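Using the sequences and the hints, build the whole thing.
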Amino acid sequence: MPRDENILRQKAGGPMVWLMALAPLVFRLLRAVWPIPHFGKTFVVTRYDDVRAVFLDDRTYRVPYREKLDVIMGGQPFFLGMDDTADYRRDTGAMRQVVLRSDVPTLLAPDVERLAQDAVDKGNGQLEVVDSLVRHVTFKVFGKYFGITDPPGEDLRVWATRLFEFQFADAGNDPALRSEVDHIAPALCAHVLALIEARLQSGMFGDDVLGRCLTMQAKGEIGFSDDQIRTALIGFMVGGPPQPPMVLPQALEQLLRRPDALAQAQQAARDGDDALLAGFVFEAMRFDPLAPALPRVATQKSVIAVGTRHMTTIPSGANVYAAFSSAMMDERRIPSPLQFNPRRQPHEYIHFGHGLHTCFGIHMNQALLPLMLKPLLKRSGLRRAPGRPGHLSKSGAFSNAINVLYD
Amino acid sequence: MKQTTLSVVLEVQPQSADNLSALIGELRHREDKPPPGSSEQYGRLKNGVPVLHFMSLSVFPSADYDPIFVIEANFDGPAGVFWGQLEATLGIELRAMLRCCKKPADQDGPLYLAVTSPDSRVPLAPYLEARTLRPSVFHHGTRGMDRDRILREGELFLATRRVLTQSSPTLANPYRAMTAEQIHANLRAALQPDFPWLDIPAPIRISRIERAGDLARLIIFLFLLLACLSIPGAVIAFISPWQRFLVIFAVLGCVVAFALYLMRAPLEGLGAPSRSGGLTASSLSRRNKLTSLAHPATLAIAVMVLLALYIAVASAIGTALAVLFTGLPVETLWCPTIRVVALGLVSVFLFTIPALVFWLRRLERRDASHDAPPIDSDMMLKMGQREDRIAQNHMGSVVLVKPGVLRTLLFRTGHRGLGLVLRVVATDGYLGSMRTIHFAHWAFVNNGSRLMFFSNFDHSWESYLDDFIEKAHGGLTLAWGSCIGFPPTRFLVLDGASHGRKFKAWARHSMAVSRFWFAAYKDYTVDQIERHARIANGLRQIALTKKEADAWVRDL
Ligand code: HEM
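Protein sequence lines, in the order shown, are assigned to chains A and B. Position 300 (the first sequence) corresponds to 299 in numbering that gives the first Met the number 0; numbering is contiguous. Position 21 (the second sequence) corresponds to 20 in numbering that gives the first Met the number 0; numbering is contiguous.
Just so you know, these hints were derived from the structure itself, not from any lab. Quick caveat: nothing in here was measured; it's all calculated off a predicted structure. You may find that some hints are simply not true.
Unchecked claim - Simulated pairs of lysine-lysine, DSBU-like, Cα-Cα distance not exceeding 30 angstroms:
1. A:K139 x A:K121
2. B:K503 x B:K381
3. B:K102 x A:K300
4. A:K218 x A:K40
5. B:K101 x A:K300
6. A:K139 x A:K67
Shown next as structure tokens:
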């Protein structure tokens, strides 16, 4: 994989990053006094119950991803942009036949732990976590698992991250980004189609996801045309791997702020107690999750929080933001939300969405995210590097860098 | 950790009552006999709702009302968290049950429709929260003990058994030869590695803030009660010179007292011998500690202080109000206000209370009691099948409330007062001299026309009621005496529940089958939990003095 220093477009820092740091406080206030604030046709739901209600009512609150997905996929529909239709069920059902839960412990987890261990060993007591550890491991493991290699002379990490930014973190529709995407998207489609073609030519499908898709295609199963396969694989590579390098460094930053929790998480890592380690990682993520909110668009006039004092009517066409970061801090449902507690109930976390569009990779994430940090956490003397580099820096929605030292 | 007791009472669509009972039965069956390979009995609820101590789901049929569906819950911490956990665990089952209930006619109707419409995925918790009923009186036997602590200390206790057991029948048990302090030191050393929490001080069971709040609520209640009772006297005190006032009220008081004296005895055949355990003067004794309100001197001083405080506060408020309404200066108003307040207070004891008791006694003498309530043998069989399966048992009952202004006022005020007194007094698990109740509560349902009672108690139903009859009949008569069919009462707290046989028949008749009942620590009685707590508290200490160790070792 060629090394590219500019995987992220934006420079670190800036006013947006500062504003985002205030989000927890603002949400706390809003939950108490104005649980569903709205500005024109934009509504934000902040309480746990209302966030769940929005996610669960996918008929009324539809995902708004279709338009940009069409740009990325060249018009071929990907299930992330769909309603709960027969097409949605066909496509997700097809992919569940080739992305198996049983792969996580057998294929993925060992690779993740080994590569993460290598990265930590190579760091020799000093490591930049975002790129050298998490992004490196994620792209290596998922690239191999899905069967998607770097495009010739290009860097898949950059392409996937650009397309991810365009799809999920480009509310302002930046023209510069768009022109990059106009180049990357068709090139990535062509690249994946070429990979498909090459495998078909060789007749050796292999046991990665691409290979399994081609086996299904050969059997005449529905949902596995060339275009369907390449759309799903691009969807996975764009929707999945850019995210661990966002959230895991954030989780580590939260652990570094809590020496007690860090020490206990390290102990769990050393004891090989993966369930408890996962508890620490997902709890740390609760204090700084993927994003403040996920977007939806109201397909019809509707009412949120019926029969309560903050009942709100949402007009058709309104933009509704389900603030899952706020929901995970809602003291009305989450016990002592400001306390760091690695033994919470599963329903207290909404890291991977909820309802119809719950993350397709949720099972992988639940097992693999903790494992990516495990070898680092096992090391004694784990601490921040001196000065600014030892603290997490962000560029826009992305984690930029965080440097740590260990013995 | 503060515990919470609450219930949700929902009217059932009559045609869906059987369906509802079947749904509850299915849930019970599934939790009783989980599919092979899955978790322990009731494991889903135990793990999914870690704050839960006891919970029941019942359907109360009635000849006078449509059936009601009751969710009774006793848990740690705030209700919102509990509902969130319950919804995450039993959401699907509960939604199906809610669909058997009626749409509330009040402002919760739209929320009901939203959660029960076909395919609805609207969160249930807000609806359950909106329909939550706070108990009128409740009692927590293991006050301030969160569930996790009860379970942890139970495990610790079992571990002490293992350590203390003789390793081989042929070898002498080393613990026999040790002093209490050595036993403590050895046990602690043996158990600390497996129970690292022994190094952390025990969580405070009742915080000072909670205690102060309980006391403050009781005092405010007493103040308001005195203020209300003194209204008739205070009105007359406005126009009457104080000498005349005292004479008139003394005469009135004597008349009422004489009438009461004539009516004091039970009617022919309606008396019941009562022993200790009531709200009687006999529990006062000079042998009690001076710091306890059960010492007559302390009680007398406390009452005096309270009354003096009442006069001061009520006069201050009265003066302020008088200044507001009349515009006259404080100097002119404070003296007459104190006079009115003080005379009003005198009238409470000279006349108002005796007069109310007189009125009550007249009602009591004409009350009808239900001496032979019909017992449904099928229902009895079902109840019997569910009882005595574990160390604890459960009962739920609903009864009609007697009508009338006085009854309603006395009953509501009595419940409020009893509830507040229990919070202040019952802090160590004891209710009177009985300690067999984990969680119990009363609540008014159907717009106050019925009274519901739930209890999660130790041992059998018979022994529980015997205990109640023997040791807490006064409180019980106060809490239940204004219900239709209750055995004949006297002066609100006498007789009543002391009619043991009649009371039991009446209570059985009012009960419904506990269709679904969850107990988080089914092997522990309240006494056992307290014993575990004492052992754990001792082991939390690095060393005990000889005296402490001698007391501590008796629990082992
Ligand atoms: C840290 C890692 C990840 C996080 C935090 C995350 C988070 C999310 C979230 C919040 C959604 C819901 C979006 C919405 O409802 O608007 C989602 C959906 C999705 N995620 Fe992930 N994800 C992660 C990793 C992955 C991975 C590794 C894959 C690869 C398979 C993946 C594939 C998907 C797909 C395909 C969807 C759409 C599911 C659907 O529409 O049914 N994600 N993810």
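Taking the hints in turn, this is what the structure says about them:
1. A:K139 x A:K121: Given pair K139 (chain A), K121 (chain A) holds - Cα atoms ~16 angstroms apart, limit 30 angstroms.
2. B:K503 x B:K381: holds, 18 angstroms
3. B:K102 x A:K300: holds, 24 angstroms
4. A:K218 x A:K40: violated, 49 angstroms
5. B:K101 x A:K300: holds, 27 angstroms
6. A:K139 x A:K67: At roughly 26 angstroms apart (the allowed maximum being 30 angstroms), K67 (chain A) and K139 (chain A) satisfy the hint.
The structure is inconsistent with hint 4 alone, although it conforms to all the rest.
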